[in-house]
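All chains should be built: construct the whole structure from the sequences, respecting the hints.
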Amino acid sequence: MKALIIKEFKDYWSNSFGLISVAVLLLLAFLFLWVFPDSNYMSYGLAEGDLYFQFFSYLLLFAVPAYTVGFLANEYRFGTEELLRSLQIDWRTALLAKFVAALLVLLMILVLSSTHLFVVYQLNLTSSTIPFAQIIGSYIGLVAVGACYIAISLMVTSFVQQTTASFVISVFVCFMLFSGFSLLSDLPVFQGGLDFWLERLSLSYHADQIGRGILRLSSIVYFIALVTWSIWLSSFRLNTKEV
Amino acid sequence: MKKFSIYKVVASMLVLVVVIMLSVLLDTQWDLTPDKRYTLNPLAKQIVRSTDEPVIITVLLEGNIPASFRNYRSYLDHYLSELRRYDDDVEIVYKDVTKGSAEEKLQFRKFLASKNVVPINRQVSSGDQVSQELIFPYISVHDNDEIIFINLLDNQQPGQSEEEGLVEAQLAFEAKLLRALRQLSKVRKPQVHVIGALSQLITEGYNRDERLSGYQFIRSNPDLLLENKDSVDAIISVVKRDDLTREELLSIDVVSGGDVPMLWMVDKTQTTIDSLRRTGSTMAMGSSFQFEDYLFRSGVRIAPELIMDLQSSMIPQVVNDGSATTQTQMMNFPFHPLIMSNDLTPLAARLNSPLSSYFVSPLELLEFPQTVMKEVLLTTSPYTRSLKTPLPIDFGFMQLKPNPEEYQRGALPIGVKVEGRVKPYFQNRLTSDDKALLSKHNVPYTLDSQYIEQVIISDADIAIPPRDKQGYFPIGYNVLEGRMYDANAELISNLLESMIDGDDILAIAQKTSSLSLMDKQKFYKSETFYYLLLLALPLGLLFVSYIVYHWIRKRKYAL
Numbered sequence: 021m022k023a024l025i026i027k028e029f030k031d032y033w034s035n036s037f038g039l040i041s042v043a044v045l046l047l048l049a050f051l052f053l054w055v056f057p058d059s060n061y062m063s064y065g066l067a068e069g070d071l072y073f074q075f076f077s078y079l080l081l082f083a084v085p086a087y088t089v090g091f092l093a094n095e096y097r098f099g100t101e102e103l104l105r106s107l108q109i110d111w112r113t114a115l116l117a118k119f120v121a122a123l124l125v126l127l128m129i130l131v132l133s134s135t136h137l138f139v140v141y142q143l144n145l146t147s148s149t150i151p152f153a154q155i156i157g158s159y160i161g162l163v164a165v166g167a168c169y170i171a172i173s174l175m176v177t178s179f180v181q182q183t184t185a186s187f188v189i190s191v192f193v194c195f196m197l198f199s200g201f202s203l204l205s206d207l208p209v210f211q212g213g214l215d216f217w218l219e220r221l222s223l224s225y226h227a228d229q230i231g232r233g234i235l236r237l238s239s240i241v242y243f244i245a246l247v248t249w250s251i252w253l254s255s256f257r258l259n260t261k262e263v
Numbered sequence: 009m010k011k012f013s014i015y016k017v018v019a020s021m022l023v024l025v026v027v028i029m030l031s032v033l034l035d036t037q038w039d040l041t042p043d044k045r046y047t048l049n050p051l052a053k054q055i056v057r058s059t060d061e062p063v064i065i066t067v068l069l070e071g072n073i074p075a076s077f078r079n080y081r082s083y084l085d086h087y088l089s090e091l092r093r094y095d096d097d098v099e100i101v102y103k104d105v106t107k108g109s110a111e112e113k114l115q116f117r118k119f120l121a122s123k124n125v126v127p128i129n130r131q132v133s134s135g136d137q138v139s140q141e142l143i144f145p146y147i148s149v150h151d152n153d154e155i156i157f158i159n160l161l162d163n164q165q166p167g168q169s170e171e172e173g174l175v176e177a178q179l180a181f182e183a184k185l186l187r188a189l190r191q192l193s194k195v196r197k198p199q200v201h202v203i204g205a206l207s208q209l210i211t212e213g214y215n216r217d218e219r220l221s222g223y224q225f226i227r228s229n230p231d232l233l234l235e236n237k238d239s240v241d242a243i244i245s246v247v248k249r250d251d252l253t254r255e256e257l258l259s260i261d262v263v264s265g266g267d268v269p270m271l272w273m274v275d276k277t278q279t280t281i282d283s284l285r286r287t288g289s290t291m292a293m294g295s296s297f298q299f300e301d302y303l304f305r306s307g308v309r310i311a312p313e314l315i316m317d318l319q320s321s322m323i324p325q326v327v328n329d330g331s332a333t334t335q336t337q338m339m340n341f342p343f344h345p346l347i348m349s350n351d352l353t354p355l356a357a358r359l360n361s362p363l364s365s366y367f368v369s370p371l372e373l374l375e376f377p378q379t380v381m382k383e384v385l386l387t388t389s390p391y392t393r394s395l396k397t398p399l400p401i402d403f404g405f406m407q408l409k410p411n412p413e414e415y416q417r418g419a420l421p422i423g424v425k426v427e428g429r430v431k432p433y434f435q436n437r438l439t440s441d442d443k444a445l446l447s448k449h450n451v452p453y454t455l456d457s458q459y460i461e462q463v464i465i466s467d468a469d470i471a472i473p474p475r476d477k478q479g480y481f482p483i484g485y486n487v488l489e490g491r492m493y494d495a496n497a498e499l500i501s502n503l504l505e506s507m508i509d510g511d512d513i514l515a516i517a518q519k520t521s522s523l524s525l526m527d528k529q530k531f532y533k534s535e536t537f538y539y540l541l542l543l544a545l546p547l548g549l550l551f552v553s554y555i556v557y558h559w560i561r562k563r564k565y566a567l
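So the protein sequences, as listed, match chains A and B.
Read left to right, the first sequence gives residues 21 to 263 (the working numbering).
Read left to right, the second sequence gives residues 9 to 567 (the working numbering).
Be aware that a few hints might be false.
[To be verified] Listed next, the in silico BS3-like pairs over lysine-lysine satisfying Cα-Cα at most 30 angstroms (straight line):
#, chain 1, residue 1, chain 2, residue 2
1, B, 123, B, 477
2, B, 248, B, 443
3, A, 27, A, 261
4, B, 248, B, 103
5, B, 103, B, 123
6, A, 22, B, 564
7, A, 27, B, 564
8, B, 197, B, 382
9, B, 396, B, 409
10, A, 27, B, 562
11, B, 123, B, 197
12, B, 103, B, 113
13, B, 16, A, 261
14, B, 118, B, 107
15, B, 197, B, 237
16, B, 118, B, 197
17, B, 53, B, 123
18, A, 261, B, 11
19, A, 30, B, 528
20, B, 194, B, 237
21, B, 564, A, 30
22, B, 44, B, 477
23, B, 107, A, 22
24, A, 30, A, 261
[Unchecked claim] Footprint (simulated), chain A over chain B, 3 or more residues, beta carbon under 8 angstroms:
#, stretch
25, 35 to 41
26, 76 to 88
27, 528 to 536
28, 544 to 553
Honestly, the hints are just simulated from the structure, not real lab data.
For glycine and all other residues, C-beta sits at the position ideal for the given N, C-alpha and C.
Shown next as structure tokens:
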């Protein structure tokens, strides 16, 4: 398992795609949080981490599928899928290794982007204390949101072999899960009834809660259940795939 | 080989949804913010539970709102959804006032205007476009009988930045909402009887003031007060020139001695800025009121002195700079101190600005009786002096720079709360007329000790709605400065709330925030440094790691 994770992680960095995608991501974060009017910290006016965490949960919606689909799609592209089938590794282990490797890439992005939080708390005008518990909680939440995107992207790729189609569908599914339920809950027909449940099924609700520093039992269960289900479905699909 | 089954997939999806729904039902939250700002207060739960009818909370802060409002709006969303999660009888509705047909918008705007709901104008940028938008920073709380509008931004003080104002407003929101919910849960508004020569002016002014809309002020007299003694929730007496009559004092003694709180606002010294401005000089005379004895038994005395305070409001003065022309200049007038609230007590909670006052006397707190607890609520600034009355006053002293050495008396008490047991004031003093008045209303005079809860403020003008030829101004409007002192009305509201409903909501209003403002100046001053830190550092680290990794790899696999 460990060897598989290292192999997947190294594969990601073996070409310039990994470097460029992370660099573009960091550039976008900088532009949105500090340069573009309306979305930047100066117009927000508060030296709080919540803007950073909420923005990243949106940014990862596109970024995570962009690099994650490659982890599985490349197996089809280079024909190594057949090789994997012939080895003594079951698909669940292989998928878990890909999941953990993609999670490591995500952690790397978050570590590199932590300078934003550092600057935000440096520019704190009214308070000298840094809310470490809130920051750690929000980071755990952001990683959990990213983990959901990774698991869904792997699941979609297990069904769709073509890389571009897989990326587009992954972003669509992630978006629907992120905002779809939440938008549905705003429809007048659901007001005062199902809207409560639809909102709780939405990833954006749980991401928003954690972004503010609120850790919920339902959010923890939501993330774990969603990731487990997605990995299970991917492995179920690959194990039953006819070659 | 296993076969792919769509039924298995659907079943697993159902299990997933059920697990998520179960976790929502058993949900619990850990609020990691330092000030626990997202946790519902136990009092909020209690008040929501006490509302019998379904409550609809309508958020009008909708549509294209400025970026600086987002944190507040997001806090509102969370707080209200928590409230709804706690009690299904609470419904949250979002209403964008700018949407709908022209006719609908017009009708709704008219309705809002009739409720004194006025929009603010803010610049909103969307992409490259910058536009002016009307924003309604209000929520309404209503049940079947009553609708209450809450202004979400009315805590902003002059000189405060918008961000500071929004942080203050966010802090004050919970208390405002709970107050409105409590008001809805009441069968009737608390009845506050106003007694004394100024009762008509006070009653009309207070009933007109939206900030005191939670109370019904009734112009009272001894008969009315005694007749309704069981339904009176509080008594107010504002005394400026005319003493209370013996009947008024007797009725106050009987009713307030029966555990009804009382608020006194008294001018000990008879002088006004109008007489001073008219004639250029005046004589400030001390008055001797009959009811001072009544206050004295609870260990409080209004000193026959006038306070001069270096921290004061301003009056317009005509100055001559030596040329032929004269001009009007605003100058500090030390006889109009700016009063500070004691932040340690919930009674004075969130009075962010000082109170405007006019010709104030200091209060003396005596060591007796031991059975009465005294708590100072309002004081002057530490830079004061006090002068004995009668005192001749003219504007001559304003031409000289004040000497701080003369202002060394320290912070003088202006408002004090007394609570405890005292002897009945009319014990052994009841005349046949007194007895006749009491027997007319079938009220016995108790000879046991009375439990009193009273607040005494040594300035009547602090609470009187000012007026000029054009009509009345709201409480706290300083006509001479042309400035509104919101804290004056907030003080009355806080005092009544504390005395009638207790300090629980005020204690919530007193909480402090851990929300931090962005130091924009610091950022713009070292913009290049921060850009390097935000962009160059992470990108540099990324590229260096990439190059090092590939260099090592190349060496490792080199032939």
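Evaluation of the provided hints:
1. For the hint pairing residue 123/B with residue 477/B, the CA-to-CA distance comes to about 26 angstroms; that is within 30 angstroms, so the pair holds.
2. Between residue 248/B and residue 443/B, the direct Cα distance comes to roughly 28 angstroms. Compliance with the 30 angstroms bound is thereby established for this hinted pair.
3. For the given pair, residue 27/A sits about 24 angstroms from residue 261/A by alpha-carbon distance, which is consistent with the 30 angstroms threshold.
4. Restraint check: the Cα-Cα separation between residue 248/B and residue 103/B comes to about 47 angstroms, which exceeds 30 angstroms; the hinted pair is violated.
5. At most 30 angstroms may separate the alpha-carbon atoms for a hinted pair to count; residue 103/B and residue 123/B meet this at roughly 16 angstroms.
6. Taken as a hint, the residue 22/A and residue 564/B pair is honoured in the structure, with Cα atoms around 21 angstroms apart against an allowance of 30 angstroms.
7. Of the pairs offered as hints, the one joining residue 27/A and residue 564/B holds, with about 16 angstroms between alpha carbons and a cut-off of 30 angstroms not exceeded.
8. Only pairs whose Cα atoms come within 30 angstroms are accepted, and residue 197/B paired with residue 382/B is accepted, the gap being roughly 29 angstroms.
9. A distance of roughly 22 angstroms separates the Cα atoms of residue 396/B and residue 409/B; the hinted pair therefore holds under the 30 angstroms criterion.
10. Between residue 27/A and residue 562/B the alpha-carbon distance is near 16 angstroms, which keeps this suggested pair within the 30 angstroms criterion.
11. With a CA separation close to 18 angstroms, the supplied pair residue 123/B and residue 197/B stays within the 30 angstroms bound.
12. Taking the CA atoms of residue 103/B and residue 113/B, the gap is about 11 angstroms. The hint holds against a cut of 30 angstroms.
13. For the suggested pair residue 16/B and residue 261/A, the alpha carbons sit about 15 angstroms apart, so the restraint of at most 30 angstroms is met.
14. The suggested pairing of residue 118/B with residue 107/B holds, with an alpha-carbon distance near 15 angstroms, which does not exceed 30 angstroms.
15. At roughly 16 angstroms between alpha-carbon atoms, residue 197/B and residue 237/B fall within 30 angstroms of each other, so this suggested pair holds.
16. Proposed proximity of residue 118/B and residue 197/B is supported: the alpha carbons are some 26 angstroms apart, at most 30 angstroms.
17. The suggested pairing of residue 53/B with residue 123/B holds, with an alpha-carbon distance near 28 angstroms, which does not exceed 30 angstroms.
18. Distance hint between residue 261/A and residue 11/B is fulfilled; the C-alpha atoms sit about 8 angstroms from each other, no more than 30 angstroms.
19. Pair hint residue 30/A plus residue 528/B does not hold up; C-alpha atoms about 41 angstroms apart against a cutoff of 30 angstroms.
20. For the suggested pair residue 194/B and residue 237/B, the alpha carbons sit about 19 angstroms apart, so the restraint of at most 30 angstroms is met.
21. Under the criterion of a C-alpha separation no larger than 30 angstroms, the hint pairing residue 564/B with residue 30/A is consistent with the structure, at around 14 angstroms.
22. For the hint pairing residue 44/B with residue 477/B, the CA-to-CA distance comes to about 50 angstroms; that exceeds 30 angstroms, so the pair is violated.
23. Between the alpha carbons of residue 107/B and residue 22/A the distance comes to roughly 57 angstroms, so the proposed pair goes past 30 angstroms and is violated.
24. Between residue 30/A and residue 261/A, the direct Cα distance comes to roughly 27 angstroms. Compliance with the 30 angstroms bound is thereby established for this hinted pair.
25. Counting residues of the stretch 35 to 41 of chain B whose CB lies closer than 8 angstroms to any CB of chain A gives 7, so the stated coverage by that chain holds, three being the minimum.
26. Coverage of a stretch by a chain is defined here by at least three residues with a beta carbon nearer than 8 angstroms to that chain's beta carbons; for the stretch 76 to 88 of chain B and chain A the count is 5, and the condition holds.
27. Note: the stretch 528 to 536 of chain B has 3 residues with beta-carbon separation from chain A under 8 angstroms; the three-residue rule is met and the coverage holds.
28. Remark: the stretch 544 to 553 of chain B is confirmed as covered by chain A, as 6 of its residues place a Cβ nearer than 8 angstroms to a Cβ of that chain, reaching the required three.
In the structure shown, a violation is registered for the earlier hints numbered 4, 19, 22 and 23, in ascending order.
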